[in-house]
Amino acid sequence: DWGKYPKALEYQQKALAIRQDIGDQAGIGTTYNAIGVNYLDLGDYPQALDYFNQAKAIFNKIGDKEGIGVTLTNIGTVYQKQKQYPKSLKFYQQSLAISQQIGNRLQKANTLTTIGIVYEKLGEYTKANDYHQQALEINQKIGVKAGISFTLYNIGIVYANLENYPEALAAYQQALALSRTLGTRLTEGKILAGIGKLYDSQNQSELAITFFKQSVNVREGIRKDLKVLPIEQQQSFTNTFAQDYRRLADLLLQKDRVLEALRVLDLLKVQELEDYLSNLLGNYNTVDGITELTEEQEILKGIQPIIDQAIALDQELSELETIVTDKRTQTQQQRIIQLRKNQAQVRKDFQDSLKSPEVKASLAKLRETTEAENLDLKNYDRRLREQLQQLEQDAVMFYPLVLDDRLELVLVTPDAPPIHRTVKANRKNVERAIDNFRQTVGNGSNNYKIYVEQLYEWLIKPIEADLAKANAKTIIYAPDGKLRYIPLGALYDGEQWLIERLRVNQITALSLTSLDHKPTPQLDVFAAAVTKEHRIEIGDKQHEFPALAFTKPEVEGLAETFPNTKLFIDKQFHEDTIYQMNDYSIVHLATHAVFEKTKQDSFILFGDGSHVTVDEVEQWNFPNVDLVVLSACQTGLGGELGDGKEILGFGYLMQNAGADAAIASLWKVNDKGTQALMNKFYQVLKQGNVTKAEALRQAQIALITKVEYGLEHPYFWAPFILIGNGL
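FYI, the working numbering numbers position 207 of the sequence shown as 307, with every residue one higher than the one before it.
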C-alpha cells in the first residue's frame, strides 16, 4: 500500500539483521534490493543507489547472476527517474545481457520494456518500438498477460508519437481488453487516457473528452485502494495522471463546459496531492469522479460489446497457445488461426465503431447539449451555490488554471452558474512574473510592484465586474501550480492591495474541505518557540538555521492575549509534546519549517534539534484543534520553485490531522514583522464573532496602514496564507 514505506523499511531492516546473523548472503542481497526499491519509490535516489550497490556487491561475490540482473535493472531505474538516460541504458543493457545468458525470459522481457520506455523519452520512437516488439513476442510466448498489456500500451504510445493513429488505436484496444480481463485498473486508466490523447491529436475534442473522462473515473474509483505497481511499470505512470486531468479541463473549457471543468479542476488538486504525498485516499466526494453525459455513455456502450468480444477471444486463444506447437491437434491449430483472424477483425471493428453513424450522431448532439440539461450537473451546480449561500459571507470560489498558451479563470458565485474568462497570458510569462516577485520582494526595493500589478491584470481584472456583481467580500481560492507561491491578497491594482478589499481563504480542494460553519471553540493555545540556532541533516542536505530572537516574545505575547496558553520553549518542545496538541484549540509553532518540492526534504524543527518529517506528520491526529499556525515556514529554498504541491500538501496534512484551518508563511519573515502580525491577529481573534480569515486580513491591513510600525512593505505582511476552513 502506498504510504506504508516507513513501516516496510522497519520490517526490512529487521529482516536484514536476521539474515546477517545467520549469514544468508542471497537473502541479504535480496533485502538490500527491497530496501532500495522503497527508497526509489520515495524519491530518495542516493539512498536507493547505496542499497542497490550493496546488493550488487553481494550478488557478485556469491555469483548470483539473476540477482545481479535484477539489481542492474534497479540501478538503471534510479538514473532513468533522474532523466540520466545514457546511464540508465548502460545498466539496462548489462541486465539484458545477463537475462539472455541465464535464459530468464521474464526478466529479459521486462528489461526490453524498460529500454523501450527510455528510448520513448529520448524521442527515438523507432528504436523504442523495436524493443517493445521484442518484449511483446517474449511475453506472448510465456503467457504473461500483464506484460503483454503493458507492452501493447507502450507500443500504442510509440505509434501515437509517430502519428500512425490506426496502429496506435489497435494496440490500445488490445491492451484495454487485456487490462480489463486482468483487473489492472491503473493500466486501464492510462490506456483510456492514451486513446483520449489520440483523438485530441486529431482535433476530435468530443471523443477525446469522452475517453479522458473514463480515465479520470477509473483513477478516482481505485484511489481508495491503491496498489504499488511493479517497478518496471512505475516509470511510465509517475506524475503523468495530473497532466491528463489538466488536459481534460482545458478541452472542457474550450467547449465552455464550465461545471464539468470545475469538477475536473477540483479532482486535479486531489491528484496533485497524491503525486506529492503518494498515499492519498479518496472520499465520498471524489469516488464518483466526473459525470458522463448521456451521449458519452452511449458512445462507450457501443464499444463495450467489441471489448467483451476481444476479451473472450483472448481468453480462448491464450489457453490454446499454452499448448506446445508440436503437441497441438490439427483442429486446435486451425482454431488458433481462426481466433487470430477474429482478433484482427475485432481491432478493425473497434476503429470502425468510433466512426459509425450512431457515434457521429452522439457527437453532434454533444456539441449542442448544454450542461443545464444534465441532472447530475444541475445538482452539482446547486450544491456549490448552496455552500456559498450558507456561509453568509458574500463568498465566491475562484479556480484559475495556468495553461501553456493561456490562463483560464473559473468563478463560482452564489446566484449564477459558474463562469470562465480566458486570458491571453501564457505559462512562461505568468511563472516569470511570480519568480520575479519572489526575488524582488525580499530585497527591500519597490520593483516588486511591477509584477504584482501585472498578475492583478491577469488574474483579477478579467473577473472584477463579476466580483462586483456578486458583491463579493470573500474569495475561496484554489490556486494552480506556481500561483501557490504568491499570496492572492498581495496582488495590487495600482492603488490598493487586494487584501484591503477582500478576505482570502485558500483551500486544497473543495472535495477535501468542509466549509460547514462551526461554533468558535474556547480559545486555549499550545504555543512552542525555538529560539536557538540549529544545524540538521536531511538525507544528503545540510540545513543551518539561525537563532530566532523574537519567537519567545511572540509566544509570550500570545500567552498574554490568551491566559489558557501553555508555552514550550526550546528543549521543552520535542517529539513527545505532539501528543499534547489535541488538548488545545490552537497550535502555534514559532519554529523553522521547510516545505520543499519533495516530501523527503520537508520537515518541522523541534526545539531540541530533532525534526519531524512529512511522513511522520501524516500520522498526527488532533480532532479537537481548530487552527494550526506555523509562523516561520519557508518554501522554494535557494530560489527554486516547483509547482507548489508542497503548500497544497501542508494544508491537506493539517486538515487530515483534524484541524479546520492552518496558517503558514510562504517565506520566512523578519522575526519582528512576524511578531507584530501574530500579535494583531490574535488580538482580533479574541474579540469573538470574527472569522480566522477576517482576523488575518485585519492584521495584514494593520501592518500596511500603520506606517509607524515600519512594516508596510509586503515582505512583512504578505506571505501569511490561511488554508482550509477559516470561515
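Note that these hints are calculated values from the structure, not bench results. These numbers come from a predicted model, not from an experiment. Treat the hints with care, since some could be wrong.
Unchecked claim - DSS-like, lysine-lysine: derived pairs with alpha carbons at most 25 Å apart:
| id | residue 1 | residue 2 |
| --- | --- | --- |
| 1 | Lys427 | Lys245 |
| 2 | Lys652 | Lys671 |
| 3 | Lys183 | Lys245 |
| 4 | Lys786 | Lys806 |
Going through the hints against the structure:
1. Lys427 - Lys245: With Cα atoms ~22 Å apart, Lys427 and Lys245 stay inside 25 Å; holds.
2. Lys652 - Lys671: It holds: about 13 Å lies between the C-alpha atoms, which stays within 25 Å.
3. Lys183 - Lys245: violated, 29 Å
4. Lys786 - Lys806: holds, 21 Å
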